[in-house]
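Asks: Just need the whole structure built from these sequences, with the hints factored in.
2 protein chains.
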Amino acid sequence: MLKFRINKNAFLANLHSAQRAINGKVVVPVLNFVKINVTKEGLTLTGSNGRITIETFLSVTDEDAGMIIDEVGGILLEVSFLSKVLSELPNYEFSLEVLENNIVNIKSGQTDLHLNGMNVQDYPKLKTPSQEKVLKLPVSFFKQVIKETNFAASTQESRPILTGVCLKVEDNKTLVSTATDAHRMSRRTVELPHSVENFQVTIPSKNLKEFINVFNKDDEEFEMFFSSTQVLFKTKNVSLYTRLLDGSYPDTERIIPKNFKTTAVFDSQGLRKVMNRAALLTSVDNSRSIQLELKRDTITLYGNSPEIGNLKEDIEFDKKEGDDLVISFNPIFMSESLAAFGEGKIEIKFTESFRPFVMSLESKGDQFIQLITPIRTNVAMPKK
Amino acid sequence: MLKFRINKNAFLANLHSAQRAINGKVVVPVLNFVKINVTKEGLTLTGSNGRITIETFLSVTDEDAGMIIDEVGGILLEVSFLSKVLSELPNYEFSLEVLENNIVNIKSGQTDLHLNGMNVQDYPKLKTPSQEKVLKLPVSFFKQVIKETNFAASTQESRPILTGVCLKVEDNKTLVSTATDAHRMSRRTVELPHSVENFQVTIPSKNLKEFINVFNKDDEEFEMFFSSTQVLFKTKNVSLYTRLLDGSYPDTERIIPKNFKTTAVFDSQGLRKVMNRAALLTSVDNSRSIQLELKRDTITLYGNSPEIGNLKEDIEFDKKEGDDLVISFNPIFMSESLAAFGEGKIEIKFTESFRPFVMSLESKGDQFIQLITPIRTNVAMPKK
Numbered sequence: 289m290l291k292f293r294i295n296k297n298a299f300l301a302n303l304h305s306a307q308r309a310i311n312g313k314v315v316v317p318v319l320n321f322v323k324i325n326v327t328k329e330g331l332t333l334t335g336s337n338g339r340i341t342i343e344t345f346l347s348v349t350d351e352d353a354g355m356i357i358d359e360v361g362g363i364l365l366e367v368s369f370l371s372k373v374l375s376e377l378p379n380y381e382f383s384l385e386v387l388e389n390n391i392v393n394i395k396s397g398q399t400d401l402h403l404n405g406m407n408v409q410d411y412p413k414l415k416t417p418s419q420e421k422v423l424k425l426p427v428s429f430f431k432q433v434i435k436e437t438n439f440a441a442s443t444q445e446s447r448p449i450l451t452g453v454c455l456k457v458e459d460n461k462t463l464v465s466t467a468t469d470a471h472r473m474s475r476r477t478v479e480l481p482h483s484v485e486n487f488q489v490t491i492p493s494k495n496l497k498e499f500i501n502v503f504n505k506d507d508e509e510f511e512m513f514f515s516s517t518q519v520l521f522k523t524k525n526v527s528l529y530t531r532l533l534d535g536s537y538p539d540t541e542r543i544i545p546k547n548f549k550t551t552a553v554f555d556s557q558g559l560r561k562v563m564n565r566a567a568l569l570t571s572v573d574n575s576r577s578i579q580l581e582l583k584r585d586t587i588t589l590y591g592n593s594p595e596i597g598n599l600k601e602d603i604e605f606d607k608k609e610g611d612d613l614v615i616s617f618n619p620i621f622m623s624e625s626l627a628a629f630g631e632g633k634i635e636i637k638f639t640e641s642f643r644p645f646v647m648s649l650e651s652k653g654d655q656f657i658q659l660i661t662p663i664r665t666n667v668a669m670p671k672k
Numbered sequence: 289m290l291k292f293r294i295n296k297n298a299f300l301a302n303l304h305s306a307q308r309a310i311n312g313k314v315v316v317p318v319l320n321f322v323k324i325n326v327t328k329e330g331l332t333l334t335g336s337n338g339r340i341t342i343e344t345f346l347s348v349t350d351e352d353a354g355m356i357i358d359e360v361g362g363i364l365l366e367v368s369f370l371s372k373v374l375s376e377l378p379n380y381e382f383s384l385e386v387l388e389n390n391i392v393n394i395k396s397g398q399t400d401l402h403l404n405g406m407n408v409q410d411y412p413k414l415k416t417p418s419q420e421k422v423l424k425l426p427v428s429f430f431k432q433v434i435k436e437t438n439f440a441a442s443t444q445e446s447r448p449i450l451t452g453v454c455l456k457v458e459d460n461k462t463l464v465s466t467a468t469d470a471h472r473m474s475r476r477t478v479e480l481p482h483s484v485e486n487f488q489v490t491i492p493s494k495n496l497k498e499f500i501n502v503f504n505k506d507d508e509e510f511e512m513f514f515s516s517t518q519v520l521f522k523t524k525n526v527s528l529y530t531r532l533l534d535g536s537y538p539d540t541e542r543i544i545p546k547n548f549k550t551t552a553v554f555d556s557q558g559l560r561k562v563m564n565r566a567a568l569l570t571s572v573d574n575s576r577s578i579q580l581e582l583k584r585d586t587i588t589l590y591g592n593s594p595e596i597g598n599l600k601e602d603i604e605f606d607k608k609e610g611d612d613l614v615i616s617f618n619p620i621f622m623s624e625s626l627a628a629f630g631e632g633k634i635e636i637k638f639t640e641s642f643r644p645f646v647m648s649l650e651s652k653g654d655q656f657i658q659l660i661t662p663i664r665t666n667v668a669m670p671k672k
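Residue numbers (our numbering), protein chains in the order written: chain A, 289 to 672; chain B, 289 to 672.
Bear in mind the hints are in silico, worked out from the structure with no lab data behind them. Some clues are possibly wrong.
Said to hold, decoys possible - Below 27 Å or equal to it, Euclidean Cα-Cα: the simulated BS3-like pairs (lysine-lysine) are: (1) Lys600/A to Lys291/B; (2) Lys600/A to Lys372/B; (3) Lys561/A to Lys372/B.
Replies: Okay, here's the thing in structure tokens:
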């Protein structure tokens with residue numbers, strides 16, 4: 289039966305990745321277990337909550353892992369205890385051996401531990417997507433796209449499709465990533481380094497976020513495989529399976545205004561700090577709305593909380609053109625947008641008080657667009 | 289009315305100290321407010337939950353604070369919002385001015401904020417202890433004594449007196465700090481640098497813990513004043529008032545065994561790591577008990593959790609004398625004891641399986657004693 293010796297930290301690094309798919313809230317008890325599988329090639333650890341599965345592979349030739357395999361095989365172990373107890377082991381390495389009745393013996397230094405495991409056959413089978421449509425990209429490239437759009441997805445289950453990020457390839461070479469919660473939207477367009485078949489899928493944003501955590505070698509390339517119900521992201525050592533969301537993603541193009549009456553340019557991170565201060569005030573009583581007043585020579589923010597008090601701030605801007613305007617919106621949305629844009633000059637284009645406005649980073653133009661819907665408010669803002 | 293200008297970070301550092309006494313769970317709304325009081329001498333901030341009060345003073349001569357006082361006075365402001373919004377201010381300094389109706393105007397850079405304050409007269413009056421009995425000690429000296437005993441106090445309100453730490457001066461020069469939760473006890477004896485009147489008080493351990501957080505200049509001296517109901521710890525810039533616990537502290541001397549049948553010496557931190565591993569196992573199903581078996585040539589720890597599995601560990605020791613013994617106890621208690629002892633050689637003296645055992649650090653002898661009561665257990669430990 290399974291017996292091997294391995295470097296503790298190498299094992300733990302892989303375990304922590306696989307563990308990210310295990311959330312402890314599952315109805316199926318076996319999904320609180322990690323699957324440990326050892327072949328002549330090396331060690332595979334699998335964690336899953338049924339909606340996302342993360343698999344890590346450690347090669348027997350990996351020198352840091354220093355794996356010595358006496359006998360191949362598999363076992364299931366409860367992941368949270370395993371992870372904690374391994375961290376506390378006295379030695380830099382440990383041995384793991386499966387005994388009778390799925391009892392697992394772990395030895396390290398003077399420590400001799402027996403854990404109750406489960407038969408590896410009891411683990412649910414993974415359906416592997418067909419390998420027909422393949423996208424191949426640098427990890428860092430895709431991480432950036434995720435960070436730029438993922439945050440705008442909905443966290444409400446009322447419209448499940450909006451909890452996902454829509455990934456679409458057009459013209460065999462343009463990848464468009466879109467997320468919206470119906471109140472704001474982020475859309476990033478990037479040219480692919482090589483031509484691929486067109487496709488469109490909607491991936492749960494929570495699972496997509498795990499891509500950032502699990503693929504930690506930014507200089508690697510990953511491959512993406514599809515089936516009709518799931519997608520697999522895969523590098524040499526890590527596989528992430530996620531289900532796809534059913535239903536068709538809404539057409540977001542038609543909600544983007546094309547004509548504007550007022551435009552202004554700001555320093556992105558300076559504006560973000562203003563929004564963060566305003567967000568403090570509005571989050572207290574959940575009014576979540578501030579008012580921006582664009583006049584000939586000034587742009588002023590007003591925030592008001594009946595409980596706490598009120599805020600007035602003259603905002604520095606680089607450029608302003610067009611009509612005067614008063615508009616109300618959630619400052620947290622704008623702060624999150626600006627965080628996604630990063631450093632640079634931000635252009636905001638307004639149509640009118642009750643129409644969505646469009647934000648873009650000057651350096652990226654319409655390749656990176658964000659949209660925020662104003663809040664219709666009757667709250668009179670105090671003006672000093 | 290009150291008007292001043294001050295360095296933001298200097299103000300915030302003092303606010304964060306005063307805020308430690310405010311826990312947001314009070315029935316009296318005014319105790320969610322910080323009291324801001326400015327005299328010609330400087331700024332005093334006061335936070336309180338009724339059981340502990342922390343007051344900080346910032347002198348007008350303090351160069352880092354750069355305080356400019358236009359008008360003296362006082363105001364109350366809700367502390368958690370104030371603390372958050374000040375952290376987000378754009379400038380290194382801000383001005384604060386009280387307007388009509390307790391409205392407070394805070395300005396910093398382009399930010400212009402109006403907060404709803406409360407009249408300073410509405411703040412509860414502090415009773416200051418008489419200045420009769422005074423103890424004067426270095427901050428670092430007293431912090432160490434707190435750390436060595438405070439953790440052993442009870443967190444259960446069933447015997448309120450045990451939630452405190454008993455501080456006692458004997459023979460005008462010996463300070464004894466004792467804490468116990470009836471299952472374990474820590475007692476630290478230190479010689480005072482100067483002679484004082486004898487006293488005995490019991491201070492809530494939670495409040496004593498704040499001493500460590502609030503007095504952050506280890507090289508300062510503090511003074512301690514008493515009344516029959518409270519105690520005041522005071523340095524030049526910080527005052528901490530805490531109520532005392534009613535009732536007489538139990539006589540702990542009589543529970544310390546005087547005759548021993550088995551003694552062993554361990555490396556403190558090595559033993560602690562063993563206990564931490566064992567604690568992981570026992571904390572899963574709240575059995576909270578491990579078994580230590582002392583034989584002629586070996587000392588072995590056994591832990592067992594029906595759910596998870598079992599642990600066996602041969603423990604390294606420096607010396608062992610006396611009878612063979614099997615004893616069960618909570619490994620978390622021993623881990624916490626060893627953390628309080630710090631580095632060094634630990635002597636453990638056992639009487640018998642169902643009697644408390646005594647631990648001491650070789651370098652400190654009976655000046656620092658800890659005691660743990662064994663657990664009577666019928667759980668058969670598996671032995672391999």
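Asks: Next step is simple, just say for each hint if it's right about the structure.
Replies: Each hint tested on the structure:
Simply put, lysine 600/A and lysine 291/B have alpha-carbon atoms about 19 Å apart, close enough for the 27 Å limit, and the pair holds. A threshold of 27 Å between alpha carbons decides the hint, and for lysine 600/A with lysine 372/B the separation of about 17 Å falls inside it, so the pair holds. With a C-alpha separation of about 13 Å, the suggested pairing of lysine 561/A with lysine 372/B holds against the 27 Å cut-off.
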